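Novice: Quick mapping for you: the protein sequence lines, in order, are chains A and B. 12 is the number that this note's numbering gives to position 12 of the first sequence; each next residue is one higher, with no gaps. 57 is the number that this note's numbering gives to position 57 of the second sequence; each next residue is one higher, with no gaps.
I should point out that these hints are in silico values taken from the structure, not numbers from a laboratory. Note that the structure is a prediction, hence the values are computed from the model and not measured. Note that beta-carbon positions come from the ideal geometry of N, C-alpha and C, so glycine has one too. Mixed in with the good hints, there may be bad ones.
Estimated spans, in silico, between C-beta atoms of each pair [claimed, not checked]:
(1) B:133 - A:55: 50 to 56 Å
(2) A:146 - B:226: 20 to 26 Å
(3) B:24 - A:18: 50 to 56 Å
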Amino acid sequence: MDAIIQNFFNIPIMTEAFPFLMRGLGTTALLCLAVIPLGLIGGLVVALMMGTKNRVYKWALICVVDFFRAVPPLVLLIFIYSGLPFAGINIPPFAAVCLGFMLNNSAYYAEIYRAGIESIGAGQMEAARSTGLNNTQSMIYVILPQATRNVLPDLLSNTIEVVKLTSIASVVAMQELLYSADMARSLTYNSSPIVLAAGIYLIILWPVVRLLSRLEHRVGH
Amino acid sequence: MNADVPRGRWEIFVETFFRQDLIDEYSGAILQGMVVTIEIAILVVLCGLALGLVLAMIRAYRVWAINVVITVFVDVLRALPPLVLILLVYFGLPLVGLNFSSFVVLWLVLTLVLAAFAEEIFWAGILSVHKGQWEAARSTGLGFSETLAYIIIPQAVRMTVAPLTNRTIAITKNTALGTVIGVSEILNQATTAQSFSGSATPLMMGAIAYIVLFIPIVALGRWIETRFAWRRA
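Same shape as in the complex, but just chain A (with noise of 0.2 Å):
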């Protein structure tokens, strides 16, 4: 028991870490800022254009999403931060992590807006353009809105995975919570410092998961 609280729960080492800890909370939330807005318009572009009528076009983007949701994010993150820079390439590890996870994101959040759009009935498209709507105008102003409501506790269970899969960035020298605890880990050879940055994902997310669940648990009725 001891060993356990000496190793996992080391009050002095957690309190010495905890500034540097936070300035790691600092870059995550400043990645998360940037991500899942990149994401969430990203997606939603797509999942516009896949509503094409043609369908050579339209089969195109499917490649082009199921391609990024068969790459690991992880994978896709290491090929564009030390893959590219051997083709001459270069871009600062901010953007290569964001461009990263952009292109990831924006794959699962196209398909989240597509099931969205499908899941309303080609009557409200048809009655918004008989009230004298454009195709554009109908889209933002009636199809949009109830589409994105539908879809919402997958919109929120995917956002909870991007802020999750931040701490992936860690690996590519991105100096967020993750990196700034497995610092301080292998600084001290103690795991207080991870079970401290596990708790303060835990505070954020939580609440979180709490509401999706209920949310899940509604629309399932």
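Add chain B to chain A, keeping to what the hints say.
Specialist: Chain B in isolation, oriented as in the chain A frame:
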């Protein structure tokens, strides 16, 4: 000469990402990595889904204390990034005298994460089976456990196929996180070969290996999604 420019770029591209000698040299290592990735993936999917289903069935008995434990377990594993768990288990357990290989740590963590998500999905499936099914089954003389096993679960599982497939694929891709603790899966083989050869070709080979493995699974998931669309009551 305009024609020279694209050809020059193309050559740089091929030289960087598709060097033939390196492809020959490292394809064996990448293939070994694929075997490890497939092994972990199969173990995680089997154990994770089974554990998730068992937890959802236990939850159906609605014993208050047990359900609180299951809910906390599920919530914590859904809220924590898998990489945090991997580092915690891998570096933490040896400090209290438990030594697991990195392969076992990766398997254990991903299994628990998949079990948590699967439990939540199966539970939603169980809840979405109409109450009349319970009543009808019980009125024919089946006990609670028999009703759950023979009447409710078969219907619940069918309804959860689509969301479950997508979640399972996403978690299986997390096998790439094993590279951080030195599991010799595809990404690990690729980055090792990259640092030995000083070329990006092994990274490209690794990426292609993932695509070869996962594109069919993603396509299958897409098909399953239309075939077993989640029927909302």
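Novice: With reference to the structure, classify each hint as holding or not holding.
Specialist: Here's how the hints hold up against the structure:
no. : hint                      : result
1   : B:133 - A:55: 50 to 56 Å  : 41 Å, violated
2   : A:146 - B:226: 20 to 26 Å : 22 Å, holds
3   : B:24 - A:18: 50 to 56 Å   : 51 Å, holds
In this structure, the one hint that does not hold is number 1.
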